[in-house]
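Enquirer: Residue strings, one per chain:
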Amino acid sequence: MSRIAGHFAAIAVLFFGTWFLLSRFDYLKLFRVDELTREAEHNLGELILDELQKRNGELGSDTVYHVVEGIKERLCTANGIADSSITLHIIVSNEVNAIALPDRQLVVYTGMIGYCKTPEELSGVLAHEIGHIQHGHVMKRLRKEVGLSMLTTLAGGDAGSEIARETARLLSSTAFDRTLESEADAAAVHMMARADIDPQSFADVIFRLSRETNDFPKRLEWISTHPNTADRCAEILRLRKQETVHARAVASEASWSYCKRFFRKNSVSVK
Amino acid sequence: MAPGEFFYRPDEYESERASNSYLMSLVVIMAGLPLPIVNVIASAIFYFANRKSAYFVRWHCTQTLLAQLFTLPVNAAGLYWTLGIIFDRTTISNGYVSYLLTIILFNLAEFIATIHAASRTRKGNHVVWWFFGPLTEMLVKA
Numbered sequence: 001m002s003r004i005a006g007h008f009a010a011i012a013v014l015f016f017g018t019w020f021l022l023s024r025f026d027y028l029k030l031f032r033v034d035e036l037t038r039e040a041e042h043n044l045g046e047l048i049l050d051e052l053q054k055r056n057g058e059l060g061s062d063t064v065y066h067v068v069e070g071i072k073e074r075l076c077t078a079n080g081i082a083d084s085s086i087t088l089h090i091i092v093s094n095e096v097n098a099i100a101l102p103d104r105q106l107v108v109y110t111g112m113i114g115y116c117k118t119p120e121e122l123s124g125v126l127a128h129e130i131g132h133i134q135h136g137h138v139m140k141r142l143r144k145e146v147g148l149s150m151l152t153t154l155a156g157g158d159a160g161s162e163i164a165r166e167t168a169r170l171l172s173s174t175a176f177d178r179t180l181e182s183e184a185d186a187a188a189v190h191m192m193a194r195a196d197i198d199p200q201s202f203a204d205v206i207f208r209l210s211r212e213t214n215d216f217p218k219r220l221e222w223i224s225t226h227p228n229t230a231d232r233c234a235e236i237l238r239l240r241k242q243e244t245v246h247a248r249a250v251a252s253e254a255s256w257s258y259c260k261r262f263f264r265k266n267s268v269s270v271k
Numbered sequence: 001m002a003p004g005e006f007f008y009r010p011d012e013y014e015s016e017r018a019s020n021s022y023l024m025s026l027v028v029i030m031a032g033l034p035l036p037i038v039n040v041i042a043s044a045i046f047y048f049a050n051r052k053s054a055y056f057v058r059w060h061c062t063q064t065l066l067a068q069l070f071t072l073p074v075n076a077a078g079l080y081w082t083l084g085i086i087f088d089r090t091t092i093s094n095g096y097v098s099y100l101l102t103i104i105l106f107n108l109a110e111f112i113a114t115i116h117a118a119s120r121t122r123k124g125n126h127v128v129w130w131f132f133g134p135l136t137e138m139l140v141k142a
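Going down the list, the sequences are from chains A and B. So the first sequence is numbered by the working numbering: it starts at 1 and just counts up by one. So the second sequence is numbered by the working numbering: it starts at 1 and just counts up by one.
Rather than coming from a laboratory, the hints here were simulated on the basis of the structure. Treat the hints loosely; a few may be bogus.
Below, a sample of chain B positions facing chain A; criterion: calculated Cβ distance under 7 angstroms [claimed, not checked]:
id, residue
1, Asn94
2, Gly95
3, Val97
4, Ser98
5, Leu101
6, Thr102
7, Trp130
8, Phe131
9, Pro134
10, Leu135
Example chain B residues on the side facing chain A (calculated, C-beta under 8 angstroms, incomplete) [as the list claims (entries may be wrong)]:
id, residue
11, Ile92
12, Tyr99
13, Leu105
14, Phe106
15, Leu108
Cβ coordinates follow ideal geometry from the N, Cα and C atoms, glycine included.
Throw the hints in and build the complete structure from the sequences for me.
Expert: Structure below.
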């Protein structure tokens, strides 16, 4: 019996010893895994953004861009995220939507900016999407739903425009799964609190969007793809209670009023 | 692995059955690679079909089955880890690659040992594997 136990121990030592010795090599560096992943993500981001820009066009107004960029900068700076690592794009579309793209690109539709009543509400939406970016949800979801083989084709640049269109459509019109959405919500609440923005505004915009979904099902894409609104609002408010918030204004009244006037004049707001 | 003498000389039929028990685990290796349980099931079926056979046959069926049973959790862990990466529960790491290489090495060693044992037992020779041999000795009574 002791001979058998001795043999078993020797096999275990041999197995774990081999594993330990083999793990001393840096395979990820050897096979350039990180480098290739970054390259693929960069190519994908460019391809999808290009498709969105072709379809809708990017906003020309510098003032509106600076207001939204200012909110993004405040959220990033307060949370130790390099502001320049996330690129903001404002797409002209009546759709009330905001999406996170590969390669840390944050896309906000003018319909969403026009819909938000206050810059704090817009902060909530941006913080949620930054949450997706920070947790690497975008590539996770693409790998899961589009498949590794198609992503490789896309990243290699051999993809037809139809595949790029489909991927852009997937990212803008379907939600992440429930776990990833909850993770992004929690990140948003935390980021807002650290940036001295009351997370209550985030719950407000979600709640308002959910009540109006039935009236504007096609245009309110952002909320119609995010499930269990009541639960989400409750969770956001519960998480808010755990944070200490010293709320400060996100944008000056003048600049936000300019944004609202801009959208009214260009008829891109929902209401 | 240590070749040795059995206490009786097995006849042609017994040698063939004993050798087949090793071959059985090799035949299903293609199916068993992605699903480790397939190898164990094949070996278990062969074991139960021969549990009333001659001592030499039973002995080698048991040794094969034990080897498969011990390989199962090791390979299953590799499969579970791989599925976790495919379904994005986890990411590729140095730990994963080195584990995969380790189980490939151990499976390769088992593969070579199995071919050797199949060929030796076919000639009526007794093959006692390290660890599995003494364990079989303890479990199979003449």
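Enquirer: A separate judgement is required for each hint: does it hold in the structure or not?
Expert: Do the hints match the structure? See the list:
For B:Asn94, the interface hint holds, the least distance from its beta-carbon to any beta-carbon of chain A being 5 angstroms, beneath 7 angstroms. Interface hint at B:Gly95: satisfied, since its Cβ lies 6 angstroms from the closest Cβ of chain A, which is below the 7 angstroms cut-off. For B:Val97, the interface hint holds, since its Cβ comes within 7 angstroms of a Cβ in chain A; the closest pair sits about 4 angstroms apart. Because the smallest distance between the Cβ of B:Ser98 and any Cβ of chain A comes to about 4 angstroms, under 7 angstroms, the interface hint for this residue holds.
At a threshold of 7 angstroms, the smallest CB-CB gap from B:Leu101 to chain A is about 5 angstroms, leaving the interface hint in force. Nearest Cβ of chain A to the Cβ of B:Thr102: about 4 angstroms, under the 7 angstroms cut. The hint holds. Evaluation of the B:Trp130 hint against chain A yields a held restraint, the C-beta minimum of about 6 angstroms falling below 7 angstroms. This hint holds: B:Phe131 has a C-beta 4 angstroms from the nearest C-beta of chain A, less than the 7 angstroms allowed.
With a cut of 7 angstroms, the hint placing B:Pro134 at the interface with chain A holds, because the nearest CB-to-CB distance is about 5 angstroms. With a least beta-carbon distance of about 5 angstroms to chain A, the hint placing B:Leu135 at the interface is held under the 7 angstroms criterion. The beta carbon of B:Ile92 comes within 6 angstroms of a beta carbon in chain A, closer than 8 angstroms, and the hint placing it at the interface holds. The interface hint given for B:Tyr99 is met, as the beta carbon of that residue sits about 6 angstroms from the closest beta carbon of chain A, less than 8 angstroms.
Interface hint status for B:Leu105: upheld, as the beta-carbon distance to the closest one in chain A is roughly 6 angstroms, under 8 angstroms. At its closest, the beta carbon of B:Phe106 sits 7 angstroms from a beta carbon of chain A; the interface hint therefore holds under the 8 angstroms criterion. With its C-beta approaching chain A no nearer than about 12 angstroms, B:Leu108 sits outside the 8 angstroms limit, and its interface hint is violated.
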